[in-house]
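For chain A, the structure is supplied; the task is to place chain B with the ligand on it using the hints.
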Amino acid sequence: MSTTELKTFEEALESFDPAMGLEVHVELSTLTKMFCGCPTEFGAEPNTQVCPTCLGLPGAMPAVNAKAVEAAIRIGLALNCEIAEWCRFARKNYFYPDMPKNFQTSQYDEPIAFEGYMDVTVPVEGGEDEIVRVAIERAHMEEDTGKSLHVGGATGRIHGADHSLVDYNRAGIPLIEIVTKPITGMGEKAPAVARAYVAQLRELIIALGVSDARMDQGSIRADVNLSLAPKGAGGLGTRSETKNVNSLRSVERAVRYEMQRHAALLSSGGSVLQETRHWHEDTGITTSGREKSDAEDYRYFPEPDLVPVAPSREWVEELRATLPENPTVKRARLQAEWGFSDLEMRDTVGAGAFGLVEQTIAAGATPTAARKWWLSELARRANEAGVEITALAVTPAEVAAVQGLVDAGTINDKMARQVFDGLLAGEGTPEEIVASRGLALVSDDGALGAAVDNAIAANPDVAQKIRDGKVAAAGALIGSVMKEMRGQADAGRVRELILEKLA
Amino acid sequence: MPARAEISRDEVAHLAELARIDLSDAELDHLAPQLSVILESVASITAVAGDDVPPTSHPIPMTNVFRDDVVRPGLTAEEALSGAPAVEEQRFSVPRILGDEQ
Ligand SMILES: [Zn+2]
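Top to bottom, those sequences are chains A and B. The opening residue of the first sequence carries number 1 in the working numbering; numbering runs sequentially from there. The opening residue of the second sequence carries number 1 in the working numbering; numbering runs sequentially from there.
Here chain A stands alone, though its shape is the one from the complex (with noise of 0.2 Å):
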C-alpha cells in the first residue's frame, strides 16, 4: 500500500480555506425500536431483540414510536430549529445486509427539524474562547442498522472478508441524524470548531435527556465532511466524508488529517475524490471507503406503510416549555457559581467532565474538590484506560462521598487515591472500601501522642525553636510524625498536638 502523501497544516492553510459539515447521528435511549416494540438493551445476546418487522419479514407493519418522535422535535426546539408542520418518512434504498428490508426508513426532503443554529464555544489556545455559530441544516429520523461481523479477513473489515455474520438488534434503533450547513471561514480553527461543536452537541443530547450519548459505544457518531478550496476564491472544493469517527479528540485529529490530505492532493495537481473515507482510530489516518453515491442512487421514495406526522403546534409549544436551559448560559452560570477561572472551566469542559462535576458539587462536595477528583486523578485514569472519563466505574456520588471522608478526617488525600483505585476494581463503597483496605487514618490521640513525643525527643533543636515561637518549623516534626505513622494520620491534628506539647 503506497503511503498517503501530505502537506503540514500550515502548508494546508497557507494555500486553502477549509469548509466542514459535520453530520451526527444520535442513537435515542427509547425503551423500544423506532418501529416495533423491540427493546433496545446495548450488549444484549445477537438476534433476541427482534421481530417481524425489524427483520423485514413478508407482511410485518411499521408503527412509530411515539417518544422517538418527542425526542426528535425536542432535538430540534434545542437547536434553534423550525418544526415541521407536516412531514414524511421515506425508504432509502439499497443493498447491503445491515438493513434486511434492503432499504432503511429515514426522512429525505421532509426532515421533521430544519434551519437552527447552535452558538458554540470554541477554545482558542492562549486567549479568550470564542463564540462560533454553526448553522444546523437539518435533523432528521431514522434507524439504526444492524452489526455486521466480517469472517475471514485479516483485520475483520470488509475486504478479503469471505463471509460476514449479522447481528439485527441494533436494526431499527431510532437515530436522529443531525446535519450543519458548510461550515467555513474556520482557518486554523476548523479542527477545534470541529470538536467543540460535537462536545456541545453531546452535552445537550445528554441535558435533554435523550440518549446516553455514549461516543465510545457508538450512540452518539460523527461524520466529518470537509472540503479545501483555494485561498480566497470562495465556494466549495470536492469533499471527502470521513464515517464514525467516535471521540472528540479523534474529530479533531480527523479534520486535521483530511486537511493535510486534500491539501498535498491539490497542490501536486490532483484532485480529491469524492469518496467516504474509513478512520483510523490507531494510526489517526483515513483510508479510502467506497465512492459516494448520489442521493439518486438511493432511489428515496415516500413510505407508503407509515402515515405522515403532523405536530400540533400545541405539543410543539408543550415540547419546548420541556428543554433544559441553553448550555452555553448555564455553563456561563455554574462557571460564576463555583468560581471557576476561565482556564478552569475550559479544562473542565475539555476533559468531558463538566457535568460529572456538575452532579458531584450536586452530591454535596465543593466546587474544588469536585474539579480536583475529577481532572488530576480521574481523568488521568480514564486515559489510562483509553476510555472516555464517563466510562469509569465512578459516580459522582462515589467522588462527592470520598470528599466527605477526607472532610471528615477520616483519611487523606492519598488514601483517597486508592479508594479509587478500590472502586474501579469494583470492591464495594467508598466505606466499604476504606475499611476492608484498612485506610482510616489514626485519630487515636494516644498512638499520635507517643509518635510526637518520639519526634520531639530526636529533634531538640526545632522543638527549641517551635518553644521559641517559630511556629513554622513544626513542618519538619510533622514529617517526621507522618512517616511513623507511615502516612496513616491526619497532619493537621499532628500540628496541633506538637504545639499543644511545646507551648
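FYI, nobody ran anything at the bench for these hints, they're computed from the structure. Every residue, glycine too, gets a C-beta built ideally from N, C-alpha and C. Do not rely on the hints blindly, as some may be mistaken.
Claimed, not checked - Covered by chain B, per the in silico footprint, the following chain A stretches (three or more residues, Cβ under 8 Å):
| id | stretch |
| --- | --- |
| 1 | 37-46 |
| 2 | 65-76 |
| 3 | 166-178 |
| 4 | 295-307 |
Said to hold, decoys possible - Which stretches of chain B does chain A cover? Using the computed rule of at least three CB atoms under 8 Å from a CB of chain A, they are:
| id | stretch |
| --- | --- |
| 5 | 24-30 |
| 6 | 47-61 |
| 7 | 87-97 |
What the hints assert, rightly or not - Which residues of chain A face chain B? A partial, calculated answer using Cβ under 8 Å:
| id | residue |
| --- | --- |
| 8 | Thr30 |
| 9 | Leu31 |
| 10 | Thr32 |
| 11 | Gln49 |
| 12 | Val50 |
| 13 | Cys51 |
| 14 | Leu55 |
| 15 | Gly56 |
| 16 | Pro58 |
| 17 | Tyr96 |
| 18 | Ala161 |
Showing chain B with the ligand alone in chain A's frame:
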C-alpha cells in the same frame, strides 16, 4: 416524478448495478424496452387524474399514528434464525459482501 415513459438502456444497466443484479448485454436489450412499456402503462394513470386529485403517498388522509414506547415480546433467537439459510454464532451468515458499508 414527471410522466416520462422512457427508460434508457443505460438507466436499466445502472439500476441493475445498484440492485446488484448482473445483467448480460442480451438481457439488457431484452429488459429495457419491457420496463419502458411498464412505465408507459403507469404514466397513463397520471393522464386521467384531474387537477382535483393531488399526488399522495398514502390512500387514507391520516396523520400521527403513533405507538407508545412500551416493550412488546418479539422473537427468540431460534425463531429469528429459523428461516436463515446459514447461521453462525447466533448470527445470520451472509455471503461475502460486495461493495462497502453504507
Ligand atoms: Zn422489532
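Taking the hints in turn, this is what the structure says about them:
1. Counting residues of the stretch 37-46 of chain A whose beta-carbon sits less than 8 Å from any beta-carbon of chain B gives 5, enough to reach three: the coverage restraint holds.
2. Requiring three or more residues with a Cβ within less than 8 Å of a Cβ of chain B, the coverage given for the stretch 65-76 of chain A holds, as 5 such residues are present.
3. Closer than 8 Å: that is the beta-carbon criterion, and the stretch 166-178 of chain A has 3 residues meeting it against chain B, so the requirement of 3 holds.
4. Counting residues of the stretch 295-307 of chain A whose CB falls under 8 Å from any CB of chain B gives 8; the rule of at least 3 is met.
5. Three residues within the 8 Å Cβ limit are the bar, and the stretch 24-30 of chain B against chain A gives 0, so the coverage statement is violated.
6. Counting residues of the stretch 47-61 of chain B whose beta carbon lies closer than 8 Å to any beta carbon of chain A gives 3, which meets the minimum of three for the stated coverage.
7. Residue count for the stretch 87-97 of chain B with a Cβ under 8 Å from a Cβ of chain A: 10. That meets the three needed, and the coverage hint holds.
8. This hint holds: A/Thr30 has a C-beta 5 Å from the nearest C-beta of chain B, less than the 8 Å allowed.
9. With a cut of 8 Å, the hint placing A/Leu31 at the interface with chain B holds, because the nearest CB-to-CB distance is about 5 Å.
10. Given the 8 Å rule on beta carbons, the hint for A/Thr32 holds: about 5 Å separates it from the nearest Cβ of chain B.
11. With a least beta-carbon distance of about 7 Å to chain B, the hint placing A/Gln49 at the interface is held under the 8 Å criterion.
12. Of the supplied interface hints, the one on A/Val50 holds, with its beta-carbon coming within about 5 Å of a beta-carbon of chain B, less than 8 Å.
13. Annotation: A/Cys51 was flagged as interfacial toward chain B, and the flag holds, the nearest CB pair being 3 Å apart, inside 8 Å.
14. Hint on A/Leu55 holds. Least Cβ distance to chain B is approximately 6 Å, under the 8 Å limit.
15. Interface hint status for A/Gly56: violated, as the beta-carbon distance to the closest one in chain B is roughly 11 Å, over 8 Å.
16. Among the interface hints, the one on A/Pro58 is violated; its C-beta lies about 11 Å from the nearest C-beta in chain B, farther than the 8 Å criterion.
17. With its C-beta approaching chain B no nearer than about 5 Å, A/Tyr96 sits inside the 8 Å limit, and its interface hint holds.
18. Hint status for A/Ala161: holds, given a least beta-carbon distance of 6 Å to chain B, under 8 Å.
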